[in-house]
Amino acid sequence: MHGKGDAVFISEYKRLSLEKDAQKNWDRFYKRNSSNFFKDRNWTMKEIELLCGDVPLNDNLLFLDAGCGCGNTIFPLTKCFPNWEFYGIDFSKNAIDLLENRSEKTGVKVKATIFDLTSRNISELDFPQMDLISLVFVLSTISKEGQFEVVKNIRKLLKPKGSVIVRDYGANDHAMTRFGRNSKIDERFYVRQDGTRAYYFLTGKKIFKNFEKNFFKKS
1 MHGKGDAVFI SEYKRLSLEK DAQKNWDRFY KRNSSNFFKD RNWTMKEIEL LCGDVPLNDN
61 LLFLDAGCGC GNTIFPLTKC FPNWEFYGID FSKNAIDLLE NRSEKTGVKV KATIFDLTSR
121 NISELDFPQM DLISLVFVLS TISKEGQFEV VKNIRKLLKP KGSVIVRDYG ANDHAMTRFG
181 RNSKIDERFY VRQDGTRAYY FLTGKKIFKN FEKNFFKKS
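For the sequence shown, full-length UniProt numbering gives the first residue as 1, with consecutive numbering after it.
Don't read these hints as lab results, they were simulated from the structure.
Watch out, some of these pointers could steer you wrong.
[Unchecked claim] With a cut-off of at most 27 Å between alpha-carbon atoms, the simulated DSS-like pairs for lysine-lysine come out as follows:
1) Lys184 - Lys144
2) Lys184 - Lys46
3) Lys93 - Lys144
4) Lys39 - Lys109
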């Protein structure tokens, strides 16, 4: 461990190991918790209606949940917007398996695939460009360097006049205050006991900086 000012950070070796094992740790998370850990995000529809007033939501839109997990954002939206086509990507095979099992059981069509959002091989993803893309509690699971790659890839997956919806953790969130002294990777970036990570943004402006660099406009 080493310090920066009064803070104590994990070692560089452990930091690199966590980066290397990020996919493995999330796979273990979904294997251990199945689809029982996260509840369906039934509030998403109201947020989309509030934030996307200029989007014709009743049209036949293409929607991608980037970092979809086992589908807790997608499935509530399929009930609200039955005319949309739904897509999901996540780098956890176990998460995608859970999503596909639920899709099969419920008869709700979702095209989902395993893909690392920080990958520089976005052309390998055989998806059309989307009208709407959501990033819900996703950027916070990724290092600051990886966050920029995610936004760059999202730009390529989006139609020219498409929209992105982002929701994530803010600094001084209650969960942030509960991390132990030996959990700090970097400023506002922590590791949980299961090896998954959480970054806490100071303000929405900090999140939007990466989007601005990729020619997004704030609505």
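Against the structure, the hints come out as follows:
no. : hint            : result
1   : Lys184 - Lys144 : holds (14 Å)
2   : Lys184 - Lys46  : violated (34 Å)
3   : Lys93 - Lys144  : holds (23 Å)
4   : Lys39 - Lys109  : holds (20 Å)
Violated hint for the displayed structure: number 2, the only one.
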